[in-house]
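S.K.: Chain by chain, the residues run as shown.
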Amino acid sequence: MPRQKNDILQGTLALLVLRTLADEGRLHGYAITSHIQRASADLLRVEEGSVYPALHRMTEDGWLRAEWGVTERSREARFYTITAAGRKQLIEEEASWARLRAGVQRVLRRA
Amino acid sequence: VKDLDRERQFHLDERAAELEAAGYSPEAARAEAARRFGTPAPIPPRGPERRPTMSLDQFVQDVRFTLRSLRRNAAFAVFATLIAGLGIGATTTVFSVVNALILRPLPFAEPDRLVWMPNRDTGGLSAQTTQVAHMLDLRARTQTMSAVGGYFAFYGVGDQVLTGSGDAERLSGVPVTDNFFDVLGVRPAYGRTFNADETRWQGPRAVLLSDALWRRRFAADPGILNRTLTLNDEPHVVVGIMPAEFDFATVFAPGNRFDLFLPFPLVPETSRWGNTMSMVGRLKPGVPVGAAQAEVRAIADELTRTHTDRNSFVGVVKPLADQVGGRMRTAVWVLTGAVAAVMLIVCANLSNLLLARTASRQREMAIRMAMGAGRQRLVAQMLTEGIVLAGGGAVVGIGLAYLGTLGLAQQNAVSIAMLSSVRLDPTALGFALGLAMLTGILFGLAPALQAPALALHNTLKDSSRGATEGRERRWLRSTLVVAEITFACVLLVGAGLLIRSFMRVLDVSIGFDAARASTIRVDPDARIATPEQTDAYYNDVLTAARAIPGVQAAGITDALPFGRNRTWGVRAQGQTYERGQAPSAYIKVVSDGFFGAMGIPLVAGRDFSRLDASTTEPVAIVNQTLAQRLWPDQTPIGQAMVNLCGQKVTRVIGVAGDMRHLTPEQPSGNELYLPMRQCRQVSSADLVLRSDVPSAQLAATVRVALRPIVPTIAGNEFRGVQQLLDRSVSPRRFLVWLLGGFAAFALLLASFGTYALISYSVNQRTREIGIRMALGASARDVQLGILRQTLILAAIGLALGTAGGWALARGIRGLLFDVTPGDPGTFVAMAAVLMAVAAIAGYLPARRASRTDPLSALRAE
Numbered sequence: 001m002p003r004q005k006n007d008i009l010q011g012t013l014a015l016l017v018l019r020t021l022a023d024e025g026r027l028h029g030y031a032i033t034s035h036i037q038r039a040s041a042d043l044l045r046v047e048e049g050s051v052y053p054a055l056h057r058m059t060e061d062g063w064l065r066a067e068w069g070v071t072e073r074s075r076e077a078r079f080y081t082i083t084a085a086g087r088k089q090l091i092e093e094e095a096s097w098a099r100l101r102a103g104v105q106r107v108l109r110r111a
Numbered sequence: 001v002k003d004l005d006r007e008r009q010f011h012l013d014e015r016a017a018e019l020e021a022a023g024y025s026p027e028a029a030r031a032e033a034a035r036r037f038g039t040p041a042p043i044p045p046r047g048p049e050r051r052p053t054m055s056l057d058q059f060v061q062d063v064r065f066t067l068r069s070l071r072r073n074a075a076f077a078v079f080a081t082l083i084a085g086l087g088i089g090a091t092t093t094v095f096s097v098v099n100a101l102i103l104r105p106l107p108f109a110e111p112d113r114l115v116w117m118p119n120r121d122t123g124g125l126s127a128q129t130t131q132v133a134h135m136l137d138l139r140a141r142t143q144t145m146s147a148v149g150g151y152f153a154f155y156g157v158g159d160q161v162l163t164g165s166g167d168a169e170r171l172s173g174v175p176v177t178d179n180f181f182d183v184l185g186v187r188p189a190y191g192r193t194f195n196a197d198e199t200r201w202q203g204p205r206a207v208l209l210s211d212a213l214w215r216r217r218f219a220a221d222p223g224i225l226n227r228t229l230t231l232n233d234e235p236h237v238v239v240g241i242m243p244a245e246f247d248f249a250t251v252f253a254p255g256n257r258f259d260l261f262l263p264f265p266l267v268p269e270t271s272r273w274g275n276t277m278s279m280v281g282r283l284k285p286g287v288p289v290g291a292a293q294a295e296v297r298a299i300a301d302e303l304t305r306t307h308t309d310r311n312s313f314v315g316v317v318k319p320l321a322d323q324v325g326g327r328m329r330t331a332v333w334v335l336t337g338a339v340a341a342v343m344l345i346v347c348a349n350l351s352n353l354l355l356a357r358t359a360s361r362q363r364e365m366a367i368r369m370a371m372g373a374g375r376q377r378l379v380a381q382m383l384t385e386g387i388v389l390a391g392g393g394a395v396v397g398i399g400l401a402y403l404g405t406l407g408l409a410q411q412n413a414v415s416i417a418m419l420s421s422v423r424l425d426p427t428a429l430g431f432a433l434g435l436a437m438l439t440g441i442l443f444g445l446a447p448a449l450q451a452p453a454l455a456l457h458n459t460l461k462d463s464s465r466g467a468t469e470g471r472e473r474r475w476l477r478s479t480l481v482v483a484e485i486t487f488a489c490v491l492l493v494g495a496g497l498l499i500r501s502f503m504r505v506l507d508v509s510i511g512f513d514a515a516r517a518s519t520i521r522v523d524p525d526a527r528i529a530t531p532e533q534t535d536a537y538y539n540d541v542l543t544a545a546r547a548i549p550g551v552q553a554a555g556i557t558d559a560l561p562f563g564r565n566r567t568w569g570v571r572a573q574g575q576t577y578e579r580g581q582a583p584s585a586y587i588k589v590v591s592d593g594f595f596g597a598m599g600i601p602l603v604a605g606r607d608f609s610r611l612d613a614s615t616t617e618p619v620a621i622v623n624q625t626l627a628q629r630l631w632p633d634q635t636p637i638g639q640a641m642v643n644l645c646g647q648k649v650t651r652v653i654g655v656a657g658d659m660r661h662l663t664p665e666q667p668s669g670n671e672l673y674l675p676m677r678q679c680r681q682v683s684s685a686d687l688v689l690r691s692d693v694p695s696a697q698l699a700a701t702v703r704v705a706l707r708p709i710v711p712t713i714a715g716n717e718f719r720g721v722q723q724l725l726d727r728s729v730s731p732r733r734f735l736v737w738l739l740g741g742f743a744a745f746a747l748l749l750a751s752f753g754t755y756a757l758i759s760y761s762v763n764q765r766t767r768e769i770g771i772r773m774a775l776g777a778s779a780r781d782v783q784l785g786i787l788r789q790t791l792i793l794a795a796i797g798l799a800l801g802t803a804g805g806w807a808l809a810r811g812i813r814g815l816l817f818d819v820t821p822g823d824p825g826t827f828v829a830m831a832a833v834l835m836a837v838a839a840i841a842g843y844l845p846a847r848r849a850s851r852t853d854p855l856s857a858l859r860a861e
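These protein sequence lines are chains A and B, in that order.
Quick note: the first sequence uses the working numbering, first residue 1, plus one each step.
Quick note: the second sequence uses the working numbering, first residue 1, plus one each step.
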């Protein structure tokens, strides 16, 4: 299956998740996915299944805290919040994203 | 993983619901939701990769998994645990022995400051002991030692008769100097040590009790303090009770038991007795042994020079710990080496077992790896298996070590210093646990490192039964088996040489007939005072003894073999000797009939008779060695010696055969026999009976027959002379048993290891063998092929082991008796046993292989 053009760039998923949680507070995985798609006006398509391993990895790394809770429609879901370490990581990732974007843009302008 | 599944389900449901709301049919919604979710990525495999340290959770999980899988394979688990247990048990027991004999400090205050000071380092007890006057002078002059004490080395075992309450009982007491306990830094549990008054010549009679006697005879009643006991018909005041930790015998006279301590006065009267003192000194803090040695040697030289009336004094100083543990040091190290080799064989064996098991678990490994188990995790799992098995082994091993140490500590008949203090203490427990851990890691490691490689690689390559074993793995397993055979070989050589030595010792012609002689103490009691009464008493005892049915001969001696060894200077009439140069001889004062009772041959002349009494000419019997020494190439009968036992001239009337009375391993040297009725310097009297009746049966008859004459006779004191002999060879017997046991165990393990390896490789090659047989190989060809494979392994092990054994044999040269380190008999026998065992270990699988049915082997896929 050919990859879709708007697949999320490797490594930026964490940035998006962290930003989302920093803004929105406590969300479950589905809400995170939906939020990213909505906020990017559907420009970015997350392969939804790949969010979860990322969430687990980030939880293990201590950037996120995960806990089971109940949604408004009283279904059980795993909710994620950002930790202090996560916020620090977010700042770093944003800085490195800014560098990456600036670098890419320069290359593009020259061309 | 469960979290992830639930999350995924929730996600799909939510997405489907949303899509349905947007107009999808339920099925289409679900399909679209699944499509958008994409393939579920595996859980990040990097967890264990990034954290090489085992988490506790994971360890617990591994342990539970191991236990589950072991339960499914109980035979393997039991076998592995037993082997590990035996190894750990043996090693821990030997460690406890090493700990008690060598490592653990002596049970005294600041034991490293204690020194042992024999007069000379060699010869009989008389040569090793020092005269009282020298000891007093040394005490006064020494600058390097803060105190010098000692005990009377010629204490007699069973010298003290306790009468009064209950039956008369023979007890053993040691006379000690006033400061002996202070030098050692030992205090009585109750009461006090001897005071100055009690250590005067003929001062008030006082006694200290050992803890064991106090408990046995006086029910541990502290009220016994300051009460009076009747010892040898004289009242003695109990001034103190020693603590249970103070075991004089195990340090100074292993294999004995002491009940009492008596004061020994350091006065001119006791100095006249000659060399009597065994000396112990306490170094001043910081003084090295060498400095004390130099000083004592100088003082001793000067004392010998200035006091020509005294015996010579050489003055040797060495750490007390060396004196106590030194005699067994080589033996203990040999045991340690042996048990280490056994433990290595155990590890190799278990390693091999686990390797075989790993190989049969390839499929499981492959599945676990495919499901995302990391390399680290598989290694951890295999190591855990090793550790769990070793843990089980530790439980079994500690149990065995407990029994082993208990058994050793109760070997009262074995005269090895500190052996009775062998026990399973916390150090030994810690050792056992550490050992188990190390073992587990050691034998878990080889399979562990192979597990991941096996899991992916080999499963694809050679999991089909037809393929032969991976070359690398087979090489590892063969190496392990060769190592086992090598170690077993070395142990067999060591054990073989020691067993041969032991047999040679037992074969030594000891010069008397120990098997048919028995002895019992018959010291005259206090009623018998004058020489006439004493002579009459001994006559009565001998007459009564000879009348006992079944008794063929009876005699009395004051020096049983393997016991007391006092020496005196002996001078032939007409010879002049420089001071200290006169030959010395072991002195035995005996009655008529003694030679017949002991079975010592009289080579020339006549035996003593009742007529050799105080009124007749003083006579003596010499052994062949002394005769040769004093009168080389002359007839000894009729020759004379001067100044013996208060007699100016003593005439030689007979020559007796040499006997080995120190140990069976040492030639006797000069021996001189004097008749009891002429020489009164006797401190004990043992009746020796010669009879074909077993001594247990004889004991009762003897007691009844002698009681009217010897009221203090104690029935429990009747022993065969064979027992004395057994005790004197007991350290060697002890070593032989232990080492022999280790060697047998090692051989068993090595043969099992060989069998397991060959058997496994035969199983792996069933298909290959089937093809060969289908192509015309006979059963015999197949058998020979497999046997050859086995014998090649054994031969390599044998070659290495022979080299190792040769080196070991040189190392233990000092322990060998009448056997050369390169003893061809031992090496040949060892090689034969080993090859035979290997052949059997290879033959069984070979026979099985040769019965392979080619068709079923090929169809087995």
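Careful, some of the hints might be misleading.
[To be verified] Take a look, some chain A residues computed to stay more than 12 Å from chain B by CB distance:
(1) Thr12
(2) Ala22
(3) Asp23
(4) His28
(5) Ser40
(6) Val46
(7) Arg75
(8) Glu76
(9) Ala77
(10) Arg78
(11) Thr83
(12) Ala84
(13) Ala85
(14) Arg99
(15) Arg101
[Claimed, not checked] Now the stretches of chain B that chain A is said to cover, found in silico as 3 or more residues with beta-carbon under 8 Å:
(16) 12-22
(17) 32-38
Since the hints were made in silico from the structure, they are not lab data.
C-beta atoms are modelled at their ideal positions from N, C-alpha and C, and glycine is treated no differently.
S.K.: The structure should be examined with respect to each hint, and the outcome stated for every one.
M.R.: Now the hints, each set against the structure:
Every Cβ of chain B is farther than 12 Å from the Cβ of Thr12/A; the closest lies at roughly 17 Å, confirming the non-interface assignment. With a least CB separation of 21 Å from chain B, Ala22/A remains clear of the 12 Å interface cut-off, as annotated. Consistency note on Asp23/A: stated as away from chain B, and its beta-carbon is indeed over 12 Å from all of that chain's, at 21 Å minimum. Listed as a non-interface residue, His28/A fails to keep its Cβ farther than 12 Å from every Cβ of chain B; the least gap is roughly 7 Å.
Residue-level check passed: Ser40/A sits 15 Å from the nearest beta carbon of chain B, beyond 12 Å. Not every beta carbon of chain B lies more than 12 Å from that of Val46/A, the smallest distance being close to 9 Å; the non-interface claim is violated. Taking the minimum C-beta to C-beta distance to chain B, about 6 Å, the non-interface status of Arg75/A is violated against the 12 Å cut. With a cut of 12 Å on Cβ distances, Glu76/A falls inside the contact zone with chain B, its closest approach being about 7 Å.
The claim that Ala77/A is not at the interface with chain B is violated, since a C-beta of that chain comes within 12 Å of its own (minimum 5 Å). Some Cβ of chain B comes within 12 Å of the Cβ of Arg78/A; the nearest lies about 5 Å off, and the non-interface call is violated. No beta-carbon of chain B comes within 12 Å of the beta-carbon of Thr83/A; the shortest separation is about 18 Å. Non-interface status of Ala84/A relative to chain B is upheld: no Cβ of that chain comes within 12 Å, the nearest being about 21 Å off.
No Cβ of chain B approaches the Cβ of Ala85/A within 12 Å, the least distance being about 16 Å, so the stated non-interface status holds. The beta carbon of Arg99/A sits about 25 Å from the closest Cβ of chain B, which is more than 12 Å, so the claim that it is off the interface holds. For Arg101/A, the condition that its CB be more than 12 Å from all CB atoms of chain B holds, with the nearest at approximately 26 Å. Counting residues of the stretch 12-22 of chain B whose beta-carbon sits less than 8 Å from any beta-carbon of chain A gives 3, enough to reach three: the coverage restraint holds.
Counting residues of the stretch 32-38 of chain B whose CB falls under 8 Å from any CB of chain A gives 3; the rule of at least 3 is met.
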